[in-house]
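Assemble chains G and Z onto chain U, guided by the hints.
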Amino acid sequence: MRTGKLDIQSTTYMEMIDITTHIEKITTTSEIETGFCFLFNPHTTSGLTINEGADPDVREDIITGLKHIVPMRLHYQHVEGNSPSHIMASLMGCSLTIFIENSRPFLGQWQKIFFCEFDGPRSRQIHWRLAANI
Amino acid sequence: MRTGKLDIQSTTYMEMIDITTHIEKITTTSEIETGFCFLFNPHTTSGLTINEGADPDVREDIITGLKHIVPMRLHYQHVEGNSPSHIMASLMGCSLTIFIENSRPFLGQWQKIFFCEFDGPRSRQIHWRLAANI
Amino acid sequence: MRTGKLDIQSTTYMEMIDITTHIEKITTTSEIETGFCFLFNPHTTSGLTINEGADPDVREDIITGLKHIVPMRLHYQHVEGNSPSHIMASLMGCSLTIFIENSRPFLGQWQKIFFCEFDGPRSRQIHWRLAANI
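Chains as they are written, first to last, in the numbering used here: chain U, 1 to 134; chain G, 135 to 268; chain Z, 269 to 402.
The hints are simulated quantities; they were obtained by calculation from the structure and are not laboratory data. Treat the hints with caution; some may be incorrect.
Stated by the list, open to error - For lysine to aspartate or glutamate, the following DMTMM-like pairs were computed, each having C-alpha atoms within a straight-line distance of at most 25 angstroms: (1) Z:Lys335 <-> U:Glu24; (2) Z:Lys273 <-> U:Glu33; (3) Z:Lys335 <-> U:Asp55; (4) G:Lys201 <-> Z:Asp323; (5) G:Lys139 <-> G:Asp152; (6) U:Lys67 <-> G:Asp189; (7) G:Lys139 <-> Z:Glu292; (8) U:Lys67 <-> Z:Glu348; (9) G:Lys139 <-> Z:Glu348; (10) Z:Lys273 <-> U:Glu24; (11) Z:Lys335 <-> Z:Asp325; (12) G:Lys201 <-> Z:Asp325; (13) U:Lys5 <-> G:Glu235; (14) U:Lys67 <-> G:Glu167; (15) G:Lys201 <-> U:Glu80; (16) U:Lys5 <-> G:Glu158; (17) U:Lys67 <-> G:Glu194.
One chain only, chain U, in its complex shape (with noise of 0.2 angstroms):
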């Protein structure tokens, strides 16, 4: 299987999630040795992005600085009020290339794979999938 949907369940309004156990369950399931994961976001209002994982302070931080960089309120015109929520999605980016070596995620000592909840919580679904490197 080198392609498939990943679930996740936000608990708050804005909170990063370590997803990185299941990209490893995914890349060390499949036949793939050598290659390249490629994650999704299809959301508008979340985001994914690579960061320090030992340490939870850090995506706490990260939360908390970009709820700073962000305005809260501005004369944002979108009724739904979740304009931030979007502004943040695109800062984040909505997609990641990860390199796949002896079939795992190929990361930085401290690396861990985040999906960005910034209007939850909500039902989420992250697309993968799975490239041989040629």
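Just chains G and Z now, kept in the frame of chain U:
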């Protein structure tokens, strides 16, 4: 034809231009059913992003937010005076990786693909390349 | 050789280091004429971006802008004190997808590839991988 360029004409200083229909035409007229569409923006004062396309207010609010996030006046040294546009370009990013499914961009329900003009109006060109999933 | 690492030595706290010549050497000495060069930054307080390389003031202004955008002091919890560097890392992103054309990075006229140091000076390593267009 698996590689090419897409012409874009921006009409104002900063705007998000929906290019989804153009990308759909590229993928549906290719022979690729399942694969990837890579987009690359060769300019340094514009970017690419994927976000909500249903309500045009969202794209306006993203521009409004970016103008607030990136200071228009600071101790910038670049004499052309468009340093904020360069910063926004790096915040949005210069490339997108989109899955192709059934010969179409595999996007979320509300997602559209946007070219982000941060220093217009200008004539721009986006590079695209398709790859089959292997 | 289609995969490898690139050593980078930063010399100050925050700086953008032009690595375009190194990437060109990688692609031109490969056998790939048309394809993709994927770059991945395995660190959590640095990033990768593509922006203007002609005027060195632009890269200085991007650092100046980021220092203003990301608050240096806030109610951060991470005891190492480098939370702003982690936030900047996620804002810039950890990977780049570059087209290869005629065995060279297919960049715009003013574009250069930059490693963004946000917590230096440090010894860093970027992972690269080439793929033929198929």
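Going through the hints against the structure:
Under the criterion of a C-alpha separation no larger than 25 angstroms, the hint pairing Lys335 of chain Z with Glu24 of chain U is inconsistent with the structure, at around 35 angstroms. Restraint check: the Cα-Cα separation between Lys273 of chain Z and Glu33 of chain U comes to about 18 angstroms, which is no more than 25 angstroms; the hinted pair holds. As the CA atoms of Lys335 of chain Z and Asp55 of chain U are separated by approximately 23 angstroms, the hinted pair is consistent with the 25 angstroms bound. Restraint check for Lys201 of chain G and Asp323 of chain Z: the C-alpha separation of about 23 angstroms stays at or below 25 angstroms, so the hint holds.
A hinted pair counts as satisfied when its Cα atoms are at most 25 angstroms apart, and Lys139 of chain G with Asp152 of chain G qualifies at roughly 16 angstroms. About 23 angstroms separates the Cα atoms of Lys67 of chain U and Asp189 of chain G, which keeps this hinted pair within 25 angstroms; it holds. Note on Lys139 of chain G and Glu292 of chain Z: the hinted pairing holds, with a Cα-Cα distance of about 22 angstroms set against a maximum of 25 angstroms. Distance hint between Lys67 of chain U and Glu348 of chain Z is fulfilled; the C-alpha atoms sit about 21 angstroms from each other, no more than 25 angstroms.
At roughly 46 angstroms between alpha-carbon atoms, Lys139 of chain G and Glu348 of chain Z are farther apart than 25 angstroms, so this suggested pair is violated. With a CA separation close to 22 angstroms, the supplied pair Lys273 of chain Z and Glu24 of chain U stays within the 25 angstroms bound. The straight-line distance between the Cα atoms of Lys335 of chain Z and Asp325 of chain Z is roughly 15 angstroms, inside the 25 angstroms bound, and the hint therefore holds. Our distance criterion of 25 angstroms between C-alpha atoms is met by Lys201 of chain G and Asp325 of chain Z, whose separation comes to about 21 angstroms.
A C-alpha spacing of about 13 angstroms is found between Lys5 of chain U and Glu235 of chain G, which places the hinted pair at or below 25 angstroms, so the restraint holds. Distance check on the hinted pair: Lys67 of chain U and Glu167 of chain G sit about 40 angstroms apart at the alpha-carbon level, beyond 25 angstroms; violated. Distance restraint check for Lys201 of chain G and Glu80 of chain U: the Cα-Cα separation of roughly 21 angstroms lies within the 25 angstroms cut-off, and the hinted pair is therefore satisfied. A hinted pair counts as satisfied when its Cα atoms are at most 25 angstroms apart, and Lys5 of chain U with Glu158 of chain G qualifies at roughly 22 angstroms.
Under the criterion of a C-alpha separation no larger than 25 angstroms, the hint pairing Lys67 of chain U with Glu194 of chain G is consistent with the structure, at around 20 angstroms.
Hint violations for this structure: numbers 1, 9 and 14, all remaining hints satisfied.
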